[in-house]
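Following the hints, complete the assembly by docking chain B onto the known chain A.
For the record, the sequence lines run as chains A and B.
For the first sequence, the working numbering begins at 1 and goes up steadily by one.
For the second sequence, the working numbering begins at 1 and goes up steadily by one.
Don't take every hint at face value.
When chains are identical, the list treats them as one kind, so a pair holds in a single copy or across two.
[Claimed, not checked] Think about it this way: if two alpha-carbon atoms lie no more than 30 angstroms apart in a straight line, the pair counts; the simulated DSS-like pairs of lysine-lysine are:
#	residue 1	residue 2
1	217	289
2	217	126
3	126	235
4	13	309
Worth flagging that the hints you see were computed from the coordinates, not collected in a lab.
Number of protein chains: 2
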Amino acid sequence: MKNNRICELLGIKYPIIQAGMIWCSGWQLASAVSNVGGLGVIGSGSMYPHILDEQLTKCKAATKNPFAVNVPLLYPDIDKLIDIIIQHDVKVVFTSAGNPNTWTSKLKSHDIKVVHVVSNSKFALKAQAAGVDAVVAEGFEAGGHNGREETTTMCLIPIIKGAVDIPVIAAGGIGSGRTMMAAFALGAEAVQIGSRFVVSEESSAHPNFKQKLLETKEGDTTLTLKSITPVRLIKNAFYEQVREAQERGADNNELIRILGRARAKKGMFEGDMEQGELEIGQVSASFKKIQPAADIVVEIWQEFIETKKQLAELDTDI
Amino acid sequence: MKNNRICELLGIKYPIIQAGMIWCSGWQLASAVSNVGGLGVIGSGSMYPHILDEQLTKCKAATKNPFAVNVPLLYPDIDKLIDIIIQHDVKVVFTSAGNPNTWTSKLKSHDIKVVHVVSNSKFALKAQAAGVDAVVAEGFEAGGHNGREETTTMCLIPIIKGAVDIPVIAAGGIGSGRTMMAAFALGAEAVQIGSRFVVSEESSAHPNFKQKLLETKEGDTTLTLKSITPVRLIKNAFYEQVREAQERGADNNELIRILGRARAKKGMFEGDMEQGELEIGQVSASFKKIQPAADIVVEIWQEFIETKKQLAELDTDI
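One chain only, chain A, in its complex shape (with noise of 0.2 angstroms):
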C-alpha cells in the first residue's frame, strides 16, 4: 500500500500483520503470510532458543520477505532469544508483555526495527519514549493476553492513536476486510491479525483446535484468570474449574495450581479441547473455514477495497 507509512517501514505490500502467537504461528505460517505480502510473524514464547533457531532458518529458506518474530519480554530465556534473532539477521521484531526500554536499543543498533503491544495509552507513550518504530494497539476482544483495563479495539484505537506520532496498528476483533477498514477509520495505519491465522493450513494448531474454532460461536470466549493475568480463551472444562474456584473466591495459588503447567500446549497444540487452555479472540464467531494463508490475506485486501468504495459511495450530501 503506498504512501502508508507502516508498509514503508516494514517492506511489506499490504498492510495485514499476522500476530505472532503460541503454538501456532511457526515458521510455516510467518513464511506464507511473507510470501503473499504481508507481514508473517513467528512466535517465539512457546519456543526454546534452539526451536527458535531452527524456525529462523526454515522461514529464511521458505521466504525472501521480510517476516518478524514476537518475543515476550518476560520470557525467561530472553538474552538468548535476542541473540539468535540478531544472528539470524531478523528484520522485525514485535516485543509485548514487558518493558520496552529493555531491549529496544540493542536491537535497534542493529538495524532491526522494534514494534511493541500495548493496552492502552500510558504504555504506548512509554514505547514511544523508548524509541520502537509503531505501536501495536491491543483491544479487549483479542484471544490470548490481555490488557486488564478492558479497553475495546473501538475505544482504544483513537486514543492511541491521539497519544503518539509513531503509526498505531490495530488489534483485536480484525479478521476480515470490514473490520479492517473500521480500524482504518479509527486512525490506525495496519491491522494485526491473530485468530483468523488460527484457522489457515499453515498454522500449527492441532486439527481439533481449528475444528473448533469453526464452531465457536458469539459468547464462547471469555477472559479470565484476571487476578493473575488476564487471558481470553473458550469456555471448557478447564475454564470451568478456574470459574467455580473463582466464584468462591479462590487465591492466586490456588489458580494457579489449577492452571498448571502447559495447560495452553495440551489444548492448542496436543488437541485436547477440554483441559487445555485454547486461547483465541471473539473474532473467532466469524470463521467459516479452513484456508490457505494467502488467500486470508487477499480475501481480507479485496474486502477491504470493497469496503472503501462503499463507504466512499455514502451519499452525504443533506
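Just chain B, lined up with the frame of chain A:
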C-alpha cells in the same frame, strides 16, 4: 442522509440517535437532538408514568421533529407507559431489556416504529421475528446495562449485520465521527450514542457527574454486578464495596443489599460521586468539554464526512 434506511424509517436528517438513558435524557436533551436533525430519545426507565406524561407534553412543545421514547420492557408499570406513549402519538419506541414479542404488535398497530436493543444475534433474530423495524446492536464498551456475553462493538456489528435483514444501528464506544464511520464500515446504517450526550448542556445529569466525565480516563469504567445484571459504571467507593464483596465470593442477596435502592439516581441525578452508581461507557475517556447537544451532532457529522474523505484517499492500487 439519502438512501439510508434508518433516516427514511425514522424521518430524520442525520443517522445519529441519542440513546435513551436513565436520569440523563429528558425532554430538553431529546428535543435539542431532534431539532438539529438527529433522533432525540427520552429515557423512561427512571420516570414514573405521570413524569413521562409531562415530559412528552414538554418535548412536543419544544420540537416539531420526530423523537422517541426508550422503554425497558421489565419496567413494572409498563402498560401505563405504553398507554401514555400511544396517547401522545409518539412516532418511535426503543425497547430494551425484555421480550420484544410482548409489546411490538400493539405499538405497531398504532403506527409506531419499534426498535429493539440487542447484544447478540440470537436476540436480534428474535426481535426481527417479532416484527421490529430495526435493531440496536450494543457492544461491551457501552455504558449502563449490558449483555452477558461481553461481545464488543467491533465483533458484534458484523455478526448482527450478517444475521438479520432489518437495519442495524451500532451502539457502544461511539462518540465521534471516526467511530461512527468505523460502525458504518462494519455494516451499521446508523449509530446510537449515549455517553457523549451525557456531557451535553441539555442532559439532566448532575453537574458533578458531567464534570467527573471530563476527568475520566482509560480503565476508569468496568462491567460489574455480572451475577445480577451486568452494568458498566465508573469505579468509585460504591464500586469498591461491590468488588470487595465479589472477591470474597458474596452471594447475590448480599450484592443486592449493597446495591440498595436508587443508587443510580444518587449518583447521576443527585451528584454523589462516591456512593452513587455512575453508569457510563468506555468512550467517556475521550470527552473534552460540555457542549450544546446540537453542536455534538454537527461535530460528529462533520468528522464523519472528513473521515469518509480520508478513507476514499487511501491508495489501494498496489
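### Task
At 30 angstroms max between alpha carbons, let me know whether residue 13 reaches residue 309 within a copy, between copies, both or neither.
both (20 angstroms within a copy, 23 angstroms between copies)
### Query
Which holds for residue 126 with residue 235 at a C-alpha limit of 30 angstroms: within a copy, between copies, both or neither?
Between copies only: 25 angstroms across, 34 angstroms inside.
### Query
What label fits residue 217 with residue 126 when the C-alpha limit is 30 angstroms: within, between, both, or neither?
between (37 angstroms within a copy, 17 angstroms between copies)
#### Entry: Intra- versus inter-subunit Cα pairing at 30 angstroms for residue 217 with residue 289
within (14 angstroms within a copy, 40 angstroms between copies)
Every hint from the earlier list agrees with this structure, and none is contradicted.
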